[in-house]
Amino acid sequence: MTKSADYILDFKAISASDHSRVGGKCASLGDMIQAGVSVPPGFAVTTDAYLAMLDGHGLRLEIERALANVDPDDFDKVDRAAQAIRIRIRSHHLPSGVETAVREAYAAMGSELPVAVRSSATAEDLPDASFAGQQDTYLWVIGADDVVARMRDCWASLYTTRAVAYREKHGIPHAEVLMSVGVQKMVNARAAGVAMTLDPLNGDRSRIVIDASWGLGETVVSGIVTPDHYSVEKVLEQIAERKISDKHVELVPDETRGQAVEREVEAGRRTRPCLTDDEVLAIARLAKQLEKQKKCPQDVEWAIDADLPEGQNLLALQSRPETVWSQKAAANKKKYQTGMMGIVGALLGKTST
Amino acid sequence: MAAKNTMFPSPFDIKAPAGAEGWEEMYPYYLLYQPHQRKEDEEKFWFCNSQHWPVPLRPFDTLMLEHTQKTLGQYNTRHLLIPPANGVECKMINGYVYMAMVPVAPQDIAARAPAFMERAGHYFANWNELLEAWEKKVRATIADLETIHFEKLPDVVPIEWIKAGRGLDNASDLLENFDKAMNLLHRVLQYHFEFLNLGYAAYVDFFGFVKEQFPSIPDQAIAQMVQGVDSILFRPDDELKKLAQRAIDLSVANALKSGDVETALAAVASEPNGAKWLAAWEAAKDPWFNFSTGSGFLSTDKRWIDHLDIPLSYVRSYVERLEAGGAIKRPTEELRSERDRITSEYRGLLDEELQAVFDGKLGLARTVFPYVEDHNFFIEHWSLGVWWRKMRELSRILGEAGFWPDADGMFFVKRTELRDILWDYCNSWATGVGIVGAGIWPDVVERRRKIIDALGTLTPVPALNNPPETITEPFTIMLWGITTESIRKWAGSQDGETGKLSGMAASPGVVEGIARVLRNPDQLDELLQGEILVTPVTAPSWAPVFGRISAAVTDIGGIMSHAAIVCREYGLPAVTGTGYASGQIKTGMRLRVDGNNGTVTVIG
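These protein sequence lines are chains H and A, in that order.
Quick note: the first sequence uses numbering that gives the first Met the number 0, first residue 0, plus one each step.
Quick note: the second sequence uses numbering that gives the first Met the number 0, first residue 0, plus one each step.
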């Protein structure tokens with residue numbers, strides 16, 4: 000019998016040895032924390048909980064039976080089988096040990112805290128992992144009942160038609176892909192934006208460029224505001240350029256409506272920098288840390304959370320590898336000479352051959 | 000200028016300031032803009048080199064300019080055949096020095112590469128061995144210089160010489176000594192350039208590579224990776240710090256504070272441990288007090304060893320700081336670990352293949368670059384220090400003979416005129432008649448002194464004619480901090496915008512404070528704690544005052560200029576190559592110096 004403590008793992012407690020129990024997404028959050036990068040707080044519901052659910056209700060056998068003679072190329076049959084499995088998973092109560100553990104962990108985060116509930120499947124070592132476990136994410140989940148319900152939805156999402164078809168086609172045994180669920184605080188961003196660990200204008204890796212605006216970062220990503228712009232010297236950690244813009248709208252959480260809403264920024268705040276210089280440098284260091292950890296240039300989404308104390312309020316939301324310049328650099332590799340030939344080249348104004 | 004509409008004025012349109020009319024008589028014809036060369040001279044771009052020549056040149060001092068022009072040129076053009084660069088052409092206007100790079104014709108550049116590789120390649124391949132030999136040559140030349148003495152011609156030739164059948168007189172020795180001094184100067188200044196541009200070339204190679212990998216990397220960061228933290232240039236200042244610490248350890252600090260140099264040293268001598276401290280003081284003097292308060296090229300530059308009040312006052316101020324519980328040591332450990340950190344971080348941003356290139360180029364640059372800093376002590380400070388001391392001896396003797404009333408009168412005559420004066424002196428001594436020049440030179444010296452004073456009130460225009468569209472020649476950029484960008488900024492500041500000046504971001508940090516504008520090293524005492532030093536140029540021997548200031552701003556100089564190097568060593572923000580700062584900023588103004596971005600803003 001599994002102990003209830005094994006069902007829940009705080010993000011901060013995830014270590015490398017836990018990766019198989021918390022799935023790809025939660026494992027990467029754990030890695031970021033281990034590397035000294037703060038992420039929105041929360042916890043993983045481990046695959047032990049998922050397995051307890053399957054075992055407690057004999058679901059394992061049911062799934063096997065439902066998919067026993069399905070032809071992976073017959074879309075309709077796959078679709079029907081997958082739907083049946085999802086309904087079965089959703090129709091059961093959670094094993095009481097699991098449910099108690101999740102409710103306690105959620106309550107510990109704060110009362111009725113808005114959270115995101117994210118799927119985190121154990122298939123990240125597969126080349127096309129996102130298909131292997133179709134990963135659903137639910138935003139603005141409030142209250143323990145909803146958290147539990149959404150968690151079950153995440154489990155069920157392991158059996159979307161597309162995911163089942165993908166596994167069938169690639170001969171991946173269904174029982175080997177497990178689902179963990181991450182429950183993570185919704186960010187209440189005072190300011191947010193993106194940071195890129197190279198200069199997108201020329202690919203210069205000694206720069207970190209930061210775009211920032213008031214509220215949640217979607218306004219920056221979607222381009223509905225002209226953000227404040229900074230360029231930071233990566234190694235010396237100095238702000239090299241800054242351009243403060245008129246940031247007319249912001250996206251802020253509206254808890255009563257359970258979503259983010261757009262609102263006008265009042266006159267005095269629009270043209271004020273949304274970050275202090277210290278915050279700019281902290282964001283740069285955060286991006287630098289992620290680049291170092293992931294060993295390639297990164298495109299980082301970050302936010303400064305108004306609910307968290309100063310010094311702990313800068314959060315990394317997502318970090319993706321930068322691709323444009325990295326590919327260009329690989330394609331345009333130049334040959335350089337050293338020693339005398341290098342010096343002659345430099346004097347003739349030719350740095351590479 | 001009106002007709003041609005150039006960015007900077009033509010040298011032929013610049014007038015002498017009031018009281019300086021006729022300044023041209025002080026300089027040799029080949030250093031003046033000549034009407035018959037007007038056409039070609041107006042086609043060239045000239046920049047004012049106030050980094051090495053910050054004040055109007057006294058006539059005699061021009062010989063340093065002549066020698067460096069020749070010896071720099073000979074190495075680029077005749078020894079090493081540097082592919083894109085010959086020498087530097089020099090001219091003077093109103094006492095200030097203007098330089099134009101002498102390019103190699105584009106079609107000849109590639110053809111010079113094989114010879115350059117053979118010649119320079121030999122130096123790079125045998126660097127340490129050749130450098131060791133170089134130091135021996137320089138030390139031998141200094142020893143040779145020390146043997147020269149100029150003495151007043153006696154009433155009679157010594158009886159011993161008569162009895163030994165020498166057959167020569169004292170005037171003969173005087174003239175030979177003079178020729179010897181001139182030959183040794185020529186020699187020293189050839190040695191000066193033997194390795195210098197090779198050092199810069201390796202630096203330029205690394206610099207260009209790093210800039211290509213990281214187009215926005217600050218120049219100062221590249222300098223920091225190459226620059227040593229143990230340059231011999233910091234040794235004199237370190238010696239003073241050691242003496243200060245020792246004065247406290249030996250309980251002679253109070254004695255050291257009494258009165259002038261003589262009084263203080265006597266007071267120390269009477270302390271129980273005084274002899275020990277005095278021995279340390281004597282040991283430090285040679286060679287470390289052969290340190291100039293200026294570039295070392297001028298007759299006005301003072302050497303510590305000739306003006307012991309200067310090092311003593313620095314020792315005293317270090318003692319005070321130690322007694323107040325302050326730290327005076329350069330943070331060499333921190334500097335070294337910061338240099339290692341940034342080097343490994345930039346390197347870490349490159350892939351493996353590029354890391355190997357980075358290592359190769361940085362390795363060579365680090366091997367050869369120390370020379371770029373260290374030669375300055377051996378040549379400008381030490382060798383030239385000895386040479387100028389000999390010249391002061393000669394000037395005093397000739398003054399006493401009646402050629403001029405003041406001891407420094409000789410520096411107001413031209414090198415070529417001095418040959419005649421020496422002959423006049425020797426001839427009148429031999430014949431027993433009066434010196435002809437005694438009725439001529441006192442007036443000339445007096446007139447020229449006034450002209451120099453009048454010229455000294457002027458801030459020279461930073462450049463002449465039109466600049467080339469882009470400046471790519473690496474030495475121009477590296478040695479003089481002249482880039483397409485900096486020229487554009489000079490032109491901008493000329494238009495009279497006084498609130499903000501731009502220059503090279505030479506040493507990082509941002510500071511606000513009160514400006515102190517100094518036009519020559521004699522004013523160094525005026526600097527108050529925490530002030531921002533604003534000056535045409537600094538010399539490494541100003542190091543002790545860097546403990547007092549909060550930032551430095553200079554008119555000219557790149558990121559490898561003296562001020563930049565010293566500021567980085569002392570962790571002070573610096574903006575160099577502003578073109579105009581010492582002319583536009585007034586003492587007492589409140590400034591914001593941004594050494595990260597190379598800007599100086601007047602904020603009050």
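Worth flagging that the hints you see were computed from the coordinates, not collected in a lab.
Just so you know, even glycine gets a beta-carbon here, dropped at the ideal spot from N, CA and C.
Be aware that a few hints might be false.
[Unchecked claim] Computed from the model, here is a short list of chain A residues facing chain H with C-beta under 7 Å:
hint	residue
1	P83
2	Y345
3	P543
4	V544
[Said to hold, decoys possible] Sample of chain A residues with no beta-carbon within 10 Å of chain H, all distances over it, derived:
hint	residue
5	Q73
6	I81
7	P82
8	K136
9	T146
10	V155
11	K162
12	D178
13	F213
14	D237
15	L334
16	K360
17	G438
18	N595
[To be verified] Straight-line alpha carbon distances no greater than 25 Å define the calculated PhoX-like cross-link-like pairs of lysine-lysine that follow:
hint	chain 1	residue 1	chain 2	residue 2
19	H	K334	H	K11
20	H	K349	A	K256
21	H	K291	H	K11
22	A	K210	H	K333
23	A	K210	H	K294
24	A	K241	A	K256
25	H	K242	A	K499
26	A	K179	H	K334
27	A	K241	A	K69
28	A	K69	H	K332
29	H	K349	H	K333
Quick rundown of the hints versus the structure:
1. P83: Holds, because the Cβ-Cβ distance from P83 (chain A) to chain H comes to roughly 6 Å (cut-off 7 Å).
2. Y345: At about 6 Å, which falls below the 7 Å cut-off, the nearest Cβ of chain H leaves the hint on Y345 (chain A) intact, so it holds.
3. P543: 28 Å, violated
4. V544: Since chain H brings no Cβ nearer than about 26 Å to V544 (chain A), farther than 7 Å, the hint is violated.
5. Q73: Consistent with the label, Q73 (chain A) stays out of reach of chain H, its closest Cβ about 18 Å off (over 10 Å).
6. I81: 6 Å, violated
7. P82: 5 Å, violated
8. K136: About 24 Å separates K136 (chain A) from the closest Cβ of chain H, which puts it past 10 Å; holds.
9. T146: 40 Å, holds
10. V155: For V155 (chain A), whose nearest Cβ neighbour in chain H is about 61 Å away, the distance exceeds 10 Å, so it holds.
11. K162: Check passes; 62 Å lies beyond 10 Å.
12. D178: The claim stands: D178 (chain A) keeps its Cβ more than 10 Å from every Cβ of chain H (closest is about 38 Å).
13. F213: Its Cβ does come within 10 Å of chain H, the nearest being 4 Å, so this is violated.
14. D237: Given a closest Cβ separation of 27 Å, the condition holds.
15. L334: Given that every Cβ of chain H is farther than 10 Å from that of L334 (chain A), nearest at about 14 Å, it holds.
16. K360: K360 (chain A) is in fact no farther than 10 Å from some Cβ atom of chain H, at 6 Å.
17. G438: 55 Å, holds
18. N595: It is violated; N595 (chain A) is separated from chain H by about 5 Å at its closest Cβ, not greater than 10 Å.
19. H:K334 <-> H:K11: 45 Å, violated
20. H:K349 <-> A:K256: 59 Å, violated
21. H:K291 <-> H:K11: 20 Å, holds
22. A:K210 <-> H:K333: 14 Å, holds
23. A:K210 <-> H:K294: Answer holds: K210 (chain A) to K294 (chain H) is near 22 Å, not above 25 Å.
24. A:K241 <-> A:K256: Holds, at about 16 Å.
25. H:K242 <-> A:K499: Distance ~19 Å between K242 (chain H) and K499 (chain A) Cα, so the pair holds.
26. A:K179 <-> H:K334: Status violated; Cα separation ~52 Å.
27. A:K241 <-> A:K69: With Cα atoms ~40 Å apart, K241 (chain A) and K69 (chain A) exceed 25 Å; violated.
28. A:K69 <-> H:K332: 43 Å, violated
29. H:K349 <-> H:K333: Satisfied, since the Cα-Cα distance of roughly 12 Å is no more than 25 Å.
Checked against the numbered hints above, the structure violates hints 3, 4, 6, 7, 13, 16, 18, 19, 20, 26, 27 and 28; every other hint is satisfied.
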